[in-house]
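Student: Each protein sequence line maps, in turn, to chains A and B.
1 is the number of the first residue of the first sequence in the numbering used here; add one for each residue after it.
1001 is the number of the first residue of the second sequence in the numbering used here; add one for each residue after it.
Hints in this document: simulated from the structure, not taken from any laboratory.
Hints are supplied without guarantee of correctness; some may be wrong.
As the list claims (entries may be wrong) - Simulated DEER-style distance windows between Cβ atoms: (1) B/Ala-1223 <-> A/Glu-64: 33 to 41 angstroms; (2) A/Arg-119 <-> B/Ile-1045: 13 to 21 angstroms; (3) A/Arg-119 <-> B/Asn-1184: 19 to 27 angstroms; (4) A/Arg-81 <-> B/Lys-1061: 51 to 59 angstroms; (5) B/Ala-1112 <-> A/His-69: 48 to 56 angstroms; (6) B/Ala-1038 <-> A/Ala-91: 32 to 40 angstroms.
What the hints assert, rightly or not - Calculated Cβ distances over 10 angstroms to all of chain A for the following chain B residues: (7) Thr-1005; (8) Pro-1081; (9) Val-1197.
Source: prediction; values computed, not measured.
Don't be surprised by glycine CBs; every beta carbon is placed ideally from N, CA and C.
Okay, here's what each chain looks like letter by letter:
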Amino acid sequence: MKSSLARQALVLVALAFLPAIAEAIYFRDRVSWQAPVPASEMVTVAQARAWGDNAIWVDARPDEEFARHHVPGAILLNEDRWNELLPQFLAAWSPEKRVIVYCSSQSCNASSHVARRLRDEVQLKDIFVLEGGWEEWLKSKK
Amino acid sequence: MNLKTTRLILALILSIFLAAVVRADLKWEQTTLDLHPAISDKQAIGHFKYENVGKTPVRFKSVHTSCGCTVAQTQKDQVGPGEKGEITATFNIGGRTGVQVKNVTVETDDPAHAVTVLTLKATIGQVLEIQPTFVYWQGGEEPKAKTIIVRSGKDVPIKKLDVTSSSPDFAAKVEPGSAPGEFNIKVQPHETNRAIVATLTIKPDYPANPPQLFYANARVMPAPATQ
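Looking at chain A on its own, in the form it has when it is part of the complex:
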């Protein structure tokens, strides 16, 4: 009785593996290229607000979205015009300030891309990505 149950369980497990393997083969080219942002590099709206004047807000969304509305005092820095916009951000930056980068659900992973470039290429420290982005900031104002 016991061995029959064990065999049935094994068969079920093997059957469960079949679609998983098929999916893995079918979607082999669709691995995520966006490494998740580590929790230590994320910041909530409440935490970011608490930093007050010791933080610089960076808007990683496209120009039009920034022009429509943005976090007061935020500096525009997106990858569409990276070379043009970087100097104005660096002019406002200072080593003791934290940097909070945000984007919106419409601008995909822009904030994590911009944050990564500020860390890797510009080699700045204390760069954070805003959890929930622009939409979360809007919600916090209501």
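Use these hints to put chain B onto chain A, whose structure you have.
Tutor: The following block gives chain B in isolation, referenced to the frame of chain A:
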């Protein structure tokens, strides 16, 4: 396995087969495209080709992209049985580098494939890798030279770099690096007693026509306020 179970399984397989035969069916040639735009390209364009291999027309309900930097266009709103077409996805490279993945979500009225996600993967070649792109001095710090390392991209034959500073307050000198295609830019402010800023324009000898310009930034921070 008893007879009843066997019949049930056969009926299930048959119904799946029949459903597949009679439905509308938009067949995509590829749902993932790998693009390798040339160094001077401003855009990467992907053509996602499809054919309606089903028996009924398929209507596109919506086509949207995962990012404002990508635009997708359909040639037609409805695809008749046997018709072919394509969705064109145009990715504006801007200042992006490395591997960029952008998705195009296509919604149709085909219940079997209501939503298809098309993926455009663009590998953007780099002429130069500059690290760091920013050097700074604290106000009052000793005005020693700081180094920016510049490396040529893969298969990019750069032999010489010209660097100019937007401000006469900074000197920038190019020296050969430790490997072929590598350069060290020594940046030095003349003084650090006042806040100054400069953009360094880096011009490699490749590509020659049109030449490509790269930028780094240098800054002397304001001296800390005294109490």
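Student: Name the hints, by number, that the structure is in violation of.
Tutor: 2, 4, 5, 9
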